[in-house]
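Student: So you can see what is in the structure, the chains are spelled out below.
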Amino acid sequence: MVDIWNGLSQAFWLMVTLDSELVEISLRSLRVTFTALLIASGIALPLAAFLAVRRFRWRRGIIALLNALMGLPPVVVGLVVYVILSRSGPLGVLGLLFTPTAMIIAQTVIIVPLIASVAHQSIRELWAEYHDLLISMNVTEGQKIRTLLWDSRRALLTAALAGFGRAIGEVGAIMIVGGNIDHATRVLTTAIALETGKGDFGLALALGFVLIGLAVAVNLSIHWLGRTERGDRW
Amino acid sequence: MSRLLPLVAEAAVSRRGGRTLVGPVDLRIDGPGITVLIGPNGAGKTSLLNLLHGTARLASGRIDWACPIEDARHAQAFVFQRPVMLRRSVVENLAYPLRIRGVPRSEAMPRAEAAAHRVGLGEMLGRHAPRLSGGEQQKLALARALIIEPDVLFLDEPCASLDGRAMREIEGILLQARGSGKRLILSTHDMGQARRLADDVLFLLRGGVHERGPAETFFTRPETPQARAFLQGDIVE
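Sequence lines, in order, name chains A and B. Following this note's numbering, the residues of the first sequence are numbered contiguously, the last one being 533. Following this note's numbering, the residues of the second sequence are numbered contiguously, the last one being 1506.
Where hints are given, some of them may not hold.
Short derived list, chain A residues pointing at chain B, Cβ under 8 Å [as the list claims (entries may be wrong)]:
| no. | residue |
| --- | --- |
| 1 | 426 |
| 2 | 428 |
| 3 | 431 |
| 4 | 434 |
| 5 | 436 |
| 6 | 437 |
| 7 | 438 |
| 8 | 442 |
| 9 | 448 |
| 10 | 450 |
| 11 | 518 |
Derived from the structure by calculation, the hints contain no laboratory data. No residue lacks a Cβ here, since even glycine has one placed at the ideal position from N, Cα and C.
Model the full structure from these sequences, guided by the hints.
Tutor: Structure follows, in structure tokens:
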């Protein structure tokens, strides 16, 4: 109990004094996760719409695979990305290991299946509703996909937020590929793991509360920007 | 005169899962006017509309328009029994068919607004379309189908489950569309509506055209006993 109280007060002081190290790793956390989220959404959302409107041989298999990969263990993703990016790996020449870019790659791999699965679910429902109309209007495949993405944007926002939640709180993969290097690849989650290992529970808890606060703040502001739960909308 | 018509079907058949939904059907439709499809449930009215519109696959036979099929697909529209509303505002719904045809937004929006005013939805431009009442939704669907100035408009029981006032408004729009030289092909269960609108009638029974003719002769002197019974309100199977 003392630890939690201690952590809360320490978090409070770290924040009101805008502790430079805290600000640095918080911003890095946000930058890495938002970049990963942007790339992952760019891949996952069109993929989800494509899987909803197009009938081809491996469609069911791909959907089942995406659903299964939602539970992809981050540590394993980290390991695989590590092996690929390491000096002797196929992409070793790029020298990306232990950089924020490597962390972005790992997080993207982790959240693409999650975003695609959740998005596919809602796009499929919308497609069932729109199917007859869009077929009758003779729209092209690209127009279909754009229409579905646009008209289900609120559900897609939820999918993206789920991806954000998974990425910002993730530690296993980015610890492996980032290496938790001070001033280079240290982010909130890896710092928490480090401080816990050192026995500095107060600081670890403080960082934890900052992380939770950050996640809540991002979700709230995106909901507010998206004007969900308000007025004539659903 | 329309560049799309005449529409000629020869022994056209629609099947699904080995079951014949409708056909073989021979017909020829030309010039402006309203063709009304009547018949009991399961007679193939919806299937025939889908087949002619091209949303159901032609299993055998031929359906020919006076122009290439790709042009024909763009010059026709379909109104469903249960209107499909895009999850957008009323005016966005109306602009959608124009936008997918590449009409720039600056031109599409005023046209959409004008179309909304024509069907009495001018006060609801910004409303979320799925929130409209049933009658308003069907009017919106109709205006959305008409906004591309189709030569042929298919309607599948457009007034099912609407009350008298909404029905009168919709029939008014339909008659106006006929007046502007369009061909309407409409199915209905409402014999009153069939009598009010029809120029010619197709009476469908068990997946085939059982009797056809101009409205005045069909309604006054039906030739087959089944059509006579159906018009009297007897149950025909």
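Student: Would you list, in rising numerical order, the hints stated earlier that this structure does not obey?
Tutor: 1, 9 and 11
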